[in-house]
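Chains A and B are the protein sequences, given in the same order. Numbering-wise (this note's numbering), the first sequence opens with residue 136 and increments by one. Numbering-wise (this note's numbering), the second sequence opens with residue 136 and increments by one.
These aren't lab readings, by the way, just hints derived from the structure by calculation. Treat each hint with caution, since some may be false.
Stated by the list, open to error - Below are the EDC-like pairs computed for lysine to aspartate or glutamate, each with C-alpha atoms no more than 20 Å apart in a straight line:
#: 1; chain 1: A; residue 1: 327; chain 2: B; residue 2: 364
#: 2; chain 1: B; residue 1: 409; chain 2: A; residue 2: 421
#: 3; chain 1: A; residue 1: 238; chain 2: B; residue 2: 208
#: 4; chain 1: A; residue 1: 320; chain 2: B; residue 2: 364
#: 5; chain 1: B; residue 1: 409; chain 2: A; residue 2: 434
#: 6; chain 1: A; residue 1: 351; chain 2: A; residue 2: 338
#: 7; chain 1: B; residue 1: 451; chain 2: A; residue 2: 428
#: 8; chain 1: B; residue 1: 238; chain 2: B; residue 2: 428
#: 9; chain 1: A; residue 1: 320; chain 2: A; residue 2: 459
#: 10; chain 1: A; residue 1: 487; chain 2: A; residue 2: 475
#: 11; chain 1: A; residue 1: 409; chain 2: B; residue 2: 208
#: 12; chain 1: A; residue 1: 409; chain 2: B; residue 2: 434
#: 13; chain 1: B; residue 1: 238; chain 2: A; residue 2: 208
#: 14; chain 1: A; residue 1: 154; chain 2: A; residue 2: 208
#: 15; chain 1: B; residue 1: 409; chain 2: A; residue 2: 428
#: 16; chain 1: B; residue 1: 320; chain 2: A; residue 2: 362
#: 17; chain 1: A; residue 1: 451; chain 2: B; residue 2: 421
#: 18; chain 1: A; residue 1: 352; chain 2: A; residue 2: 322
#: 19; chain 1: A; residue 1: 238; chain 2: A; residue 2: 208
#: 20; chain 1: B; residue 1: 204; chain 2: A; residue 2: 421
Single-letter residue listing:
There are 2 protein chains.
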Amino acid sequence: MALYTYSQLLDFAEQIFLKMGCPEEDASIASKALLSADLRGIDSHGVARLSGYVRLWEAGRINANPAIKVTYETPSTAVVDGDAGLGLVVAPFAMKIAMEKAKLAGTGWVVVNNSNHFGIAGYHAMMALNQDMIGMAMTNASALVAPTFSLERMLGTNPIAVAIPAGVQPAFVADFATTTAANGKLEILQRKNADTPLGWVQDQYGNDSTDANILKKAGALLPLGSDREHGSHKGYALGSIVDIFSGVLSGASFGPWAPPFPAYVPMPENQPGKGLGHFFGAMRVDAFRPAQDFKNQMDLWIERFRNAIPAPGHEKVLIPGDPEREMEAIRTTKGWELVEAVETDLQAVAQKFGIVF
Amino acid sequence: MALYTYSQLLDFAEQIFLKMGCPEEDASIASKALLSADLRGIDSHGVARLSGYVRLWEAGRINANPAIKVTYETPSTAVVDGDAGLGLVVAPFAMKIAMEKAKLAGTGWVVVNNSNHFGIAGYHAMMALNQDMIGMAMTNASALVAPTFSLERMLGTNPIAVAIPAGVQPAFVADFATTTAANGKLEILQRKNADTPLGWVQDQYGNDSTDANILKKAGALLPLGSDREHGSHKGYALGSIVDIFSGVLSGASFGPWAPPFPAYVPMPENQPGKGLGHFFGAMRVDAFRPAQDFKNQMDLWIERFRNAIPAPGHEKVLIPGDPEREMEAIRTTKGWELVEAVETDLQAVAQKFGIVF
Chain A
136 MALYTYSQLL
146 DFAEQIFLKM
156 GCPEEDASIA
166 SKALLSADLR
176 GIDSHGVARL
186 SGYVRLWEAG
196 RINANPAIKV
206 TYETPSTAVV
216 DGDAGLGLVV
226 APFAMKIAME
236 KAKLAGTGWV
246 VVNNSNHFGI
256 AGYHAMMALN
266 QDMIGMAMTN
276 ASALVAPTFS
286 LERMLGTNPI
296 AVAIPAGVQP
306 AFVADFATTT
316 AANGKLEILQ
326 RKNADTPLGW
336 VQDQYGNDST
346 DANILKKAGA
356 LLPLGSDREH
366 GSHKGYALGS
376 IVDIFSGVLS
386 GASFGPWAPP
396 FPAYVPMPEN
406 QPGKGLGHFF
416 GAMRVDAFRP
426 AQDFKNQMDL
436 WIERFRNAIP
446 APGHEKVLIP
456 GDPEREMEAI
466 RTTKGWELVE
476 AVETDLQAVA
486 QKFGIVF
Chain B
136 MALYTYSQLL
146 DFAEQIFLKM
156 GCPEEDASIA
166 SKALLSADLR
176 GIDSHGVARL
186 SGYVRLWEAG
196 RINANPAIKV
206 TYETPSTAVV
216 DGDAGLGLVV
226 APFAMKIAME
236 KAKLAGTGWV
246 VVNNSNHFGI
256 AGYHAMMALN
266 QDMIGMAMTN
276 ASALVAPTFS
286 LERMLGTNPI
296 AVAIPAGVQP
306 AFVADFATTT
316 AANGKLEILQ
326 RKNADTPLGW
336 VQDQYGNDST
346 DANILKKAGA
356 LLPLGSDREH
366 GSHKGYALGS
376 IVDIFSGVLS
386 GASFGPWAPP
396 FPAYVPMPEN
406 QPGKGLGHFF
416 GAMRVDAFRP
426 AQDFKNQMDL
436 WIERFRNAIP
446 APGHEKVLIP
456 GDPEREMEAI
466 RTTKGWELVE
476 AVETDLQAVA
486 QKFGIVF
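In isolation and in its complexed conformation, chain A is listed as follows (with noise of 0.2 Å):
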């Protein structure tokens, strides 16, 4: 493992965007969407990616060039057809489409149809913050979740991310996805071949496993909650919503015919929308009440929740976003390492378009 840093990665996925044929300000706005998972510590969405977005544009799935357009509006809505573009250029034409609509109606909601992968849904929530705006993004995928009761896989692991402003503290940021756990935390026991934790995926037949390669043998991941008696309806629904909210309201795909991350996985058949489907939202807080004293009051709640009484073994409760912003930090300023799968990987990127790594 070799230590790169942020602008070097940054350089070398924007040099990837290029010669996929995107426009420089493209290439620009989706390096640093997908640079910003790996300055989280959030590896499974990051640079890790690259060669997946690549071998989709090969499959003639991502379009590099798009005419990202608003088909629809109304003074608080509006509907966008990403033209097959790639998720993290299409993600942000919407969210600041949903800021503009904030202006001037007080909050602004944005639904996206023809989409592809848009990395971290956080990112795009993010965005909102230093305009004194709530923000919210949602995204539906390749369908990897059985429903509570059911063999079958339906949903992705469909993310909700909400950001909040707050004063001196910093912004409450969560972002995570409706399952109990994220794909990318399967892929890392993989690498450890290490078992699962029982309640993060069941079998084909669906018992209980402990299987980190189950997904490749027709096994599927849980909702959020696990199983029925912890909630994993609740899960289930809160997937379900994302993916409504997402492919359904906006006309993208959804359910099981979500378009596959993954270029040799062939497209389900009868789509009955276009493409992936997203769903952003804008809350202007000053739409609400005046914005010092929201944010005030986010700095006692900050406060109050950061000092809550810690359980023995732990030093303090965190607050969604606590952790990705501590990495955010470190690697900023450090660097960080990269698994040699992912070198290996980027090489072969790098080689295929004729350039260094």
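Could you slot chain B onto chain A? The hints should help.
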């Protein structure tokens, strides 16, 4: 246990609200909202709570004749001061404003401060359905839930409800506490003298517990996910989002300061805001795509999910809202039984006001 009909219990609740001094219209609105919980099988939130509302009114914490008003608004948002009224009355008032906003601006988002418990969130969210709108409702509540890594009760069971219209299929209605198990589930086990499964509660030292009475011994409910390994930080984030949207954004109280439902529990000191808070949303479906297209696709979504391959031992996969709708159909025609403790409670309330139960 005796059998009661819907109209018997509706009439009774209405009489009690009138005796408390509610205007006729408010008594009618409140009793319908309250009874919707019983109809849908959520017995913990229905007439079983009537005496609790009476005690809050006796303690001067509920204003039976409130001047509920909009204190601020933008094209898509509004802030409602509930004037310490019954949440059962304040919530439908606020939800109607959200729907009026949605008619003009595409979506409407209303926060409420200075309110009280509003019954089941699903009832308010479902108000949007016959207008071809997606409805949302959230509320904060008395602190019973410990954040991940904490011993302290900082959050309520903070429910989220989302109601989504369909075409020929019944609507999708999710309505769930952001904890592994709601408090009402503990009450059922207490009556049976039974233990909880592991993962629902912890004791005052943060140890695993199966004691259904642990909340009376300084224990806490656990966020959806139960423990860190199974995603409790996600349930903690969800409960926090509900608290911030309902409490901080509205100017209500929040976190450990949320007013307790039992009237004998003293109000936490140094209240940062006024009363309980709620958050409501209404999104006009045709602010995104033609309503009929959306409803046809929702039918497809629902049919596909209901026909997902069931796990062994299960006949079919459920859609959020299925069990409650089935219960409502049965109870509307056949009535239902009340447990003895609730009957005794209602008899005492009747006697207090000199009416017959």
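Hint by hint, here is what the structure shows:
| no. | hint | result |
| --- | --- | --- |
| 1 | A:327 / B:364 | holds (17 Å) |
| 2 | B:409 / A:421 | holds (18 Å) |
| 3 | A:238 / B:208 | holds (14 Å) |
| 4 | A:320 / B:364 | holds (11 Å) |
| 5 | B:409 / A:434 | holds (18 Å) |
| 6 | A:351 / A:338 | holds (10 Å) |
| 7 | B:451 / A:428 | violated (50 Å) |
| 8 | B:238 / B:428 | holds (19 Å) |
| 9 | A:320 / A:459 | holds (15 Å) |
| 10 | A:487 / A:475 | holds (18 Å) |
| 11 | A:409 / B:208 | violated (36 Å) |
| 12 | A:409 / B:434 | holds (18 Å) |
| 13 | B:238 / A:208 | holds (14 Å) |
| 14 | A:154 / A:208 | violated (34 Å) |
| 15 | B:409 / A:428 | holds (14 Å) |
| 16 | B:320 / A:362 | holds (16 Å) |
| 17 | A:451 / B:421 | violated (46 Å) |
| 18 | A:352 / A:322 | holds (15 Å) |
| 19 | A:238 / A:208 | holds (15 Å) |
| 20 | B:204 / A:421 | holds (18 Å) |
Of the numbered hints given earlier, the model fails hints 7, 11, 14, 17; all others are met.
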